[in-house]
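All chains, full assembly: derive it from the sequences and hints.
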Amino acid sequence: MLMPVMAAEPISAEAFAQLPALSAKRLTGSFTIGYDTNYVGRGLVISHSVAEGDSCELAALKLNYDVGRKQQQWSIDSAIAYKAVSSGHTMYGPGPYAKIDSLTGGKVQISPRNVENEFAVLTAVKYSGKKGHVSLGHEFVHGGLLGAFAKHFRQQSASCVNEVYLETVWTPTKWAEVGHTARLSFQGVQGWWFEPYVTFKAPIIGRDEHMKMVGLLTLAMSATANYFDEGHHANANGAQAFWIKLATPYFATKNMIITPAVSFNWLGSGAQKAAKTSSLRQRMTQIGQDGSTLVPYRNFAVVGSVTCTYKF
1 MLMPVMAAEP
11 ISAEAFAQLP
21 ALSAKRLTGS
31 FTIGYDTNYV
41 GRGLVISHSV
51 AEGDSCELAA
61 LKLNYDVGRK
71 QQQWSIDSAI
81 AYKAVSSGHT
91 MYGPGPYAKI
101 DSLTGGKVQI
111 SPRNVENEFA
121 VLTAVKYSGK
131 KGHVSLGHEF
141 VHGGLLGAFA
151 KHFRQQSASC
161 VNEVYLETVW
171 TPTKWAEVGH
181 TARLSFQGVQ
191 GWWFEPYVTF
201 KAPIIGRDEH
211 MKMVGLLTLA
221 MSATANYFDE
231 GHHANANGAQ
241 AFWIKLATPY
251 FATKNMIITP
261 AVSFNWLGSG
271 AQKAAKTSSL
281 RQRMTQIGQD
291 GSTLVPYRNF
301 AVVGSVTCTY
311 KF
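Everything in the sequence shown is counted per my numbering, starting at 1 for the first residue and increasing by one.
Please note: incorrect hints may appear among the correct ones.
Stated by the list, open to error - Pairs of lysine to any residue, SDA-like flavour, derived with a Cα cap of 20 Å: (1) K245 / E177; (2) K70 / H142; (3) K311 / E116; (4) K254 / T199; (5) K311 / F251; (6) K25 / K126; (7) K131 / K254; (8) K70 / A124; (9) K311 / N64; (10) K254 / M213; (11) K311 / T253; (12) K131 / P196.
What the hints assert, rightly or not - Between beta-carbon pairs, the in silico distance windows are: (13) I244 / I80: 26 to 32 Å; (14) V302 / H138: 30 to 36 Å; (15) K25 / A225: 41 to 47 Å; (16) H180 / N299: 34 to 40 Å; (17) S86 / F264: 20 to 26 Å; (18) G215 / W170: 17 to 23 Å.
Because the hints were derived from the structure by calculation, they are not lab data. Quantities reported herein were computed from a predicted structural model and do not represent experimental measurements. Backbone N, C-alpha and C fix where the C-beta goes; we use that ideal spot for every residue, glycine too.
Right, here's the structure in full:
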């Protein structure tokens, strides 16, 4: 039974002295900038024909504050990330695909479905053990693919999504990691996202404390449950994307890491529904135009990226 806060015993001076004091030494973090050859959201690669562009730039600031009596056990994590589409940001039109109806002479109205630049804020409590960690947190996302779902398929006034998530990571050996993130979206869009993955690690240059380059091979997927409605010209629930990613972090200095990477992304059966029911594709077909390429995602894509991270 939970006792009222006011009825709690006052903490003794001895117990208070044992609590971790606020200290800059307990604060760590990193700042990352990067470039991707394609805009990718939850493993889904936006197609060129409807996004009017491909690449995007990103920046992220991550902070970690150790709050446990034992170092590197309990911590509060936070992150702010921004991703900008560099060459076009329209997912379903409007202008370039507004055609003249050959029968009536009028324009076919195609409403915009813009993928706005993505801004995300994350806060979590993390417990770290010898073989992995568990994080419970909240994520706010404005814009991006999730924002487009909220604004254009759920008729929200703003392209915002709020989620809570549980991340579990297990490291059975030094060179293998198994993880899963379950997200519950409760505002903007309601429903579940699941992202399981497994990562294999191997040294490329150096060993142990003198490691200069590491090879990372990740196998991952994303899936949804009760996230999409049947009446929307969007994805169906189920598997959304599968991808294989190879990254080679290079430790240029003790604090500077440069990471080139390449990923191979495939659409899942749930996301393939959007290609078949795309409102833009259907409207082009109705007026006798070829809309076969006007789909929101690439069925298969190779995505290159490079990031530079400074740790402090």
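Quick one: are I244 and I80 within 26 to 32 Å, going by C-beta?
29 Å, holds
| query | Is the hinted pair K70 and A124 satisfied, with a Cα-Cα distance of at most 20 Å? | reply | Roughly 18 Å separates the two Cα atoms, so the pair holds.
- Item | Restraint status (C-alpha distance of K254 to T199 at most 20 Å) | With Cα atoms ~23 Å apart, K254 and T199 exceed 20 Å; violated.
**Asked** In this structure, is the beta-carbon distance linking K25 and A225 contained in 41 to 47 Å?
**Response** 43 Å, holds
What's the verdict on K131 and K254, does the C-alpha distance respect the 20 Å limit or exceed it? Roughly 24 Å separates the two Cα atoms, so the pair is violated.
Between the alpha carbons of K25 and K126, is the straight-line distance 20 Å or under? 18 Å, holds
Hinted pair, alpha-carbon criterion (20 Å max): K254, M213. Please report holds or violated.
Distance of about 12 Å is within 20 Å: holds.
Checklist entry - In this structure, is the beta-carbon distance linking H180 and N299 contained in 34 to 40 Å? => result 25 Å, violated
Handout entry: Range hint compliance [Cβ, V302 to H138, 30 to 36 Å]
Key = At 33 Å between Cβs, range holds.
Outcome for the supplied range 17 to 23 Å, where the beta carbon pair is G215 and W170
Hint holds: Cβ distance 20 Å, inside 17 to 23 Å.
(message) K70 and H142 were given as a pair; does the straight-line alpha-carbon distance stay at or below 20 Å?
(response) Distance of about 36 Å is beyond 20 Å: violated.
- Message: Need the status of pair K311, E116: alpha-carbon distance at most 20 Å?
- Response: At roughly 29 Å apart (the allowed maximum being 20 Å), E116 and K311 break the hint.
Hint violations for this structure: numbers 2, 3, 4, 7, 16, all remaining hints satisfied.
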